[in-house]
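There are 4 protein chains.
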Amino acid sequence: MRKHEFLIRTYYEDSDAAGIVYYANYLKFFERGRTEWLRDLGFEQDTLMQDDGVMFLVRKAELEFLKPAYFNDKLIIETFVQSLRGASIIFEQQAQRVASQEYVCRGNIQVVCLSTRGRPRPFPPLMVERLTQYMEQEN
Amino acid sequence: MRKHEFLIRTYYEDSDAAGIVYYANYLKFFERGRTEWLRDLGFEQDTLMQDDGVMFLVRKAELEFLKPAYFNDKLIIETFVQSLRGASIIFEQQAQRVASQEYVCRGNIQVVCLSTRGRPRPFPPLMVERLTQYMEQEN
Amino acid sequence: MRKHEFLIRTYYEDSDAAGIVYYANYLKFFERGRTEWLRDLGFEQDTLMQDDGVMFLVRKAELEFLKPAYFNDKLIIETFVQSLRGASIIFEQQAQRVASQEYVCRGNIQVVCLSTRGRPRPFPPLMVERLTQYMEQEN
Amino acid sequence: MRKHEFLIRTYYEDSDAAGIVYYANYLKFFERGRTEWLRDLGFEQDTLMQDDGVMFLVRKAELEFLKPAYFNDKLIIETFVQSLRGASIIFEQQAQRVASQEYVCRGNIQVVCLSTRGRPRPFPPLMVERLTQYMEQEN
Numbered sequence: 001m002r003k004h005e006f007l008i009r010t011y012y013e014d015s016d017a018a019g020i021v022y023y024a025n026y027l028k029f030f031e032r033g034r035t036e037w038l039r040d041l042g043f044e045q046d047t048l049m050q051d052d053g054v055m056f057l058v059r060k061a062e063l064e065f066l067k068p069a070y071f072n073d074k075l076i077i078e079t080f081v082q083s084l085r086g087a088s089i090i091f092e093q094q095a096q097r098v099a100s101q102e103y104v105c106r107g108n109i110q111v112v113c114l115s116t117r118g119r120p121r122p123f124p125p126l127m128v129e130r131l132t133q134y135m136e137q138e139n
Numbered sequence: 001m002r003k004h005e006f007l008i009r010t011y012y013e014d015s016d017a018a019g020i021v022y023y024a025n026y027l028k029f030f031e032r033g034r035t036e037w038l039r040d041l042g043f044e045q046d047t048l049m050q051d052d053g054v055m056f057l058v059r060k061a062e063l064e065f066l067k068p069a070y071f072n073d074k075l076i077i078e079t080f081v082q083s084l085r086g087a088s089i090i091f092e093q094q095a096q097r098v099a100s101q102e103y104v105c106r107g108n109i110q111v112v113c114l115s116t117r118g119r120p121r122p123f124p125p126l127m128v129e130r131l132t133q134y135m136e137q138e139n
Numbered sequence: 001m002r003k004h005e006f007l008i009r010t011y012y013e014d015s016d017a018a019g020i021v022y023y024a025n026y027l028k029f030f031e032r033g034r035t036e037w038l039r040d041l042g043f044e045q046d047t048l049m050q051d052d053g054v055m056f057l058v059r060k061a062e063l064e065f066l067k068p069a070y071f072n073d074k075l076i077i078e079t080f081v082q083s084l085r086g087a088s089i090i091f092e093q094q095a096q097r098v099a100s101q102e103y104v105c106r107g108n109i110q111v112v113c114l115s116t117r118g119r120p121r122p123f124p125p126l127m128v129e130r131l132t133q134y135m136e137q138e139n
Numbered sequence: 001m002r003k004h005e006f007l008i009r010t011y012y013e014d015s016d017a018a019g020i021v022y023y024a025n026y027l028k029f030f031e032r033g034r035t036e037w038l039r040d041l042g043f044e045q046d047t048l049m050q051d052d053g054v055m056f057l058v059r060k061a062e063l064e065f066l067k068p069a070y071f072n073d074k075l076i077i078e079t080f081v082q083s084l085r086g087a088s089i090i091f092e093q094q095a096q097r098v099a100s101q102e103y104v105c106r107g108n109i110q111v112v113c114l115s116t117r118g119r120p121r122p123f124p125p126l127m128v129e130r131l132t133q134y135m136e137q138e139n
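Protein chains in written order, with my numbering: chain F, 1 to 139; chain R, 1 to 139; chain W, 1 to 139; chain V, 1 to 139.
Excised from the complex, chain F in its bound form (with noise of 0.2 Å):
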């Protein structure tokens, strides 16, 4: 199954005071590789809401968090679908760090298609298609 691929850098901002990088951050830089994931198939988060009502919530997340990263460091952030279903998908992601090509952090992030109003909808038609397609393909 195709994964995708988004590199990312960690600043001043992104570190603790145990001089590594603050675990709570991996869930944002596994959003950020989500959102270039859904962008690389041609979907824009802020278009979604505005044109079709559409909108993503996170509602479960398992992190496990292997090795320490630095600051200063690169890091691929890998995503996969690894089920969709109505208004459900499941991603299993991982952080990798270019210098030592470890992997510090990987996890499971399920997120729920909802209406504006809050109400949960299955994923656009479009999206489902696209998505099905790019799962079919290999990297």
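If you're looking for bench data, these hints aren't it; they were derived computationally from the structure. One or more of the hints may lead you astray.
Any copy will do: because identical chains look the same in the list, a pair fits if it lies in one copy or spans two.
Said to hold, decoys possible - Listed next, the in silico EDC-like pairs over lysine to aspartate or glutamate satisfying Cα-Cα at most 16 Å (straight line):
no., residue 1, residue 2
1, 74, 136
2, 3, 40
3, 60, 44
4, 3, 52
5, 3, 36
The hints should help you fit chains R, W and V onto chain F, whose structure is shown.
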């Protein structure tokens, strides 16, 4: 003139790899101070937005970083009103490290009053009244 | 078993464009809860690091986002200890929105004890002792 | 005088309940700009700290928030060096919203050069040299 005091704690989330409180966070701490001062005057920003159609926007910020503060510190956030004119209020704010009694950051923050459509409008009369009373008091 | 409670306020800094508390921030709120619980037991993390050469690292986090919380909300952060074994402690934590008495987020957080060189080591004996006493008490 | 440009994206993490980019984040965006400018000149801050015992600290920041930027925006961070004297460098920085070509924030940031013991010291000679060359170039 009277100053408002609000006590905060710094946590891991506030520190950076230099082992000190990350400077951008003082903008957040000062906002907490202004929010709590407004609350002490009897105003809640969510109610002001819903009932009076009023929001506040930071227009300018001048900050001076005097000394480092550290993870796990207690800081007193001091808030003075320097001036109030029409749709604009200028705050003078300081963060004092309790352990050493040193001032670690000071700043001037200009906040403007907007309608929910984003147009400048005077602060609500009741707010001006209570604020003026507050400014005339002594600590 | 006894639970620890810590009250926090949400500010503008905690909200996002969906008008709700940004989900990644619950990791920060839960850490504030654990820090204050440790403080109530008589332990300061900066002293533990300097005097005992001990630090804590989050190894795993599982979060469920149940309901939205909003800007300007009061949240009670509840902290239970689920298990304590060797160098690992697992916390069960919840955030309750005071206005609606609803739980908005719950999670399990695994924290490990490390030497300042980054090697796993048992929690300090005095900490285990006080913690065990605490766990046996009722609220 | 030559300016450095760095492109960033805003994500959910950067927005607030007013639906716009949270103002404190411009301090982070400007720091990313300065970091990337330094990198383009051939300097990495982690190497400078380890090899040369040099760190940088923000001493003053003056920010003006001109227009709102939104979730999912592209911003160009422009960085100019206004002056360089001894242990102090003053940057002029601006954030331009690509969609509207409007400047949304501008600021002056004073950064000081410190030894790892926290004492002011001149910037490394090679940095001054390359920086001076850079300043004399045209865009």
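Requested in this report: May I ask which of the numbered hints given earlier this structure violates, with the numbers listed in increasing order?
Outcome: Hints 1, 3, 4 contradicted; others consistent.
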